[in-house]
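Student: Residues per chain, in single letters:
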Amino acid sequence: MAFREYKIGARMFGIAFGTSMFITLYMPAVDIANVSVTATGLHRQLSFGRMGGFGYEDPLLTGVNKPVSVVLKSDPKSGQPIEATNAYVYDAGVPFPNGLTHPRILGKGPSELSNTKGKIGEANNATGAVFIVREVEQNGEMVPYIENATATRGWMPSATLAKVSEADRFHVGKGKIMFVREGCWWCHTLLPEETQDWQYFGAPPMLGDFNGENPTAFGSDRKAPDLTHVGSRNSSREWMTLHFFNPRLVQPHSIMPRYDYLWGDVDANGRKINFSEWYDSYDQYAAGKRIYPPEVPEPAKDSEARALIDFVLNLK
Amino acid sequence: MFKYLFAKNEDIPAGSAAIFFGFSSIMWFIVGTGLGSFNAAKLAFPDFVYGIEMLSFGHMRQVHVLAVILGWISMAFAMAMMYITPALGNTKLWSEKMGVWNCFLWNIGLALGLFLLWMGVTSGREYSDLPWFIDLVVIFGVLFPLGLNVWMTIKTRRTQGIYTTNWFFGAATFMVMIVFLVGNSPEFFSLTGLTEAYLTWWFAHNVLGLWITPVAAAISYYIVPKVTGNPLYSHRIGHLHFWSVVVFYSTPAAHHLMSAPLPEWLKSFASVEGVLILVPAIAFVSNLLLTMTGKWKMFVENVEIKFTISGVLMAIPLNMQGGFQQTRAINWYIHGTGWIVAHAHLALLGFSTFLEAAAVYYGLQTLMRRKLYSLALANFHFWMLLIGFTTYWISMTIAGLIQGAGKIYEVPYIDVVIAEHPYMIARWVGGTMVFLGNCVWLYNMWMTARVGTAIPAGRLPHELAYER
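So the sequences go chain by chain: A and B.
When you line the first sequence up against this note's numbering, it's residues 1 to 316, in that order.
When you line the second sequence up against this note's numbering, it's residues 1001 to 1468, in that order.
Hints are not guaranteed to be accurate.
Listed next, the in silico BS3-like pairs over lysine-lysine satisfying Cα-Cα at most 27 angstroms (straight line) [to be verified]:
1) A/Lys-7 x B/Lys-1092
2) B/Lys-1155 x B/Lys-1008
3) A/Lys-163 x A/Lys-301
4) A/Lys-289 x A/Lys-272
5) A/Lys-7 x B/Lys-1155
6) B/Lys-1226 x B/Lys-1155
Quick caveat, the hints were computed from the structure, so don't treat them as lab data.
Keep in mind that this is a model prediction, so the values were computed, not measured.
Generate coordinates for the entire structure from the input sequences, incorporating the hints supplied.
Tutor: Below is the structure:
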């Protein structure tokens, strides 16, 4: 046995490497697993769906099989007006997020409440479900949980979508896929830097804000503003539309790429978008031969651009 | 290459796998740096190419990173392992045929993986961007056969001891498989939240710390004594290097996420361990530089030593940065800025690339028994790499300091972008120089294979005088 003289060395290697793995993998895993989800974390995972990157439900990252976030102003079943409520509509077959299917992700309190009061155990993938986030006070603390409104209130996915106007629909799940696929996170972080950055870009995230989310896409190489709270800083859909089509329209010094290809072939009115004509007119505008830039087409309802804008506006 | 895939193991000339790996690695280096140059042009001139999804920055950035890491760096490692491991064991490679297959599958798997990534099929996790089924191909189709060949070659060696280089090779091929298996577990098992974020950076840190850094160092432990003729200065210091890599380099993963809401004990622990990375770094640099005693003229005259010692010298600023920039006192200022981009390129394009280039230069000459075609072109390659990289590193470091200042003084972000513009152009120029230098390198090695002076048996390439 040629390794004989290295017996002690091999054992020492095992001990050293094993100890290192124990400290850097097992101990943090136990620590992080005990974190309970926050209300922000529930909103995030319900709006994003199961996977934000490659997954069996959407292998080519086109944004299919994702939930739709809606703002409900009336009860989808009775039609009575209600306080504006964020709801997450999972059509039949759309996979539920990991927090619903995995017992450890929500943490003890939210998990119990979601099962007893929220009836998430009755959520059925074959018929789909509508989820809302609720909070109750327990021992002086607000504990968030998921309510399966299909079981508790009889809100069916199709009926809910039928009640919601186009302006109150946000394709956030599909938008997250676009955010990941188009590599927005190579330049825009979703995690503010320490100290001063928190004053400029908003509050840092809390411990339980990410439970159930995959990938978190924090980003590391920041060449552009942090987007953790961008929807609170700038909620203008029109600005976002111009900025995604050609960032130089609203910020002449921006180095962001143009995302006009996410518009697809037709605009919101079904008219074909003539890109080459647009580029020619824009070049004239950029050269000072036109006073106004060409009109930016409104993205179609099912376009990828619309989904990405919905996602960014919902980062609050 | 294809004729050897189905040949008998005995019929395949020794060194074939290493030669294939060597040329593959140079080609991937050209692809990787070409993409890097293209991406840098877009950061300097955002309207350089537009309207085409496949040519957008967000689709190409990760292809550049992984083409360089898994194509250039890791294939150069495989090349080095396939000729250095047997040479140090006074034996032949355990299975030349498996080596050839390894090279074939590696090229196919990487091309497929990068194509999918380019299309946008990504896991959305930095450095572990490849979707999980490609990760499985990498682990079991690429890394395991490589490791098996290395371990079995070490086991069937005909020398009594195991030289420093082979400890590193044997351990690193094992550790990188663990790193890939554990680091990609968020994709295999759909782990979420902070666990996912932490494991992403656990992977990114350890693929650097337990694969790229130790293997690159191990190569120089072979090249410098072999070419200079000096014995390694100290095997004891080599021991210190090896054990401190295993203990200190495998633990500071959390220092990449100092601003994330991870447990505070983990961040503090990672930060302290991160400073201790200086232990293997100082051991390595001092050991190699002391080995050069009396042979410093080779630093000027010999192309392999020139590359290796430049790489070793670049390990000094690399580890001074790496050890201290992750402490809380400095991290808050430079995290997420171009400083880090400069640091990452100092590690991969500075330190490690220079060591691997030496291994490929030396290995291809030795295995093909051909003297290098042109020393002038090799020197041109060296200076293109060194000046190109230095331009890149200085410009990105300055850009990072501007970003850091902009961050803490709450300057509107667009003003930072405007201030960075000249440095983005400089970075593009530097990266393009590296790319052009590599094209020259491929030509030089190709001509070496075809018309290089034959090296007589028993002689080393650098012992022969240049004929042109």
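Student: Give a verdict on every hint.
Tutor: Right, here's what the structure says about each hint:
no.	hint	in the structure
1	A/Lys-7 x B/Lys-1092	holds, 24 angstroms
2	B/Lys-1155 x B/Lys-1008	holds, 22 angstroms
3	A/Lys-163 x A/Lys-301	holds, 17 angstroms
4	A/Lys-289 x A/Lys-272	holds, 26 angstroms
5	A/Lys-7 x B/Lys-1155	holds, 13 angstroms
6	B/Lys-1226 x B/Lys-1155	holds, 22 angstroms
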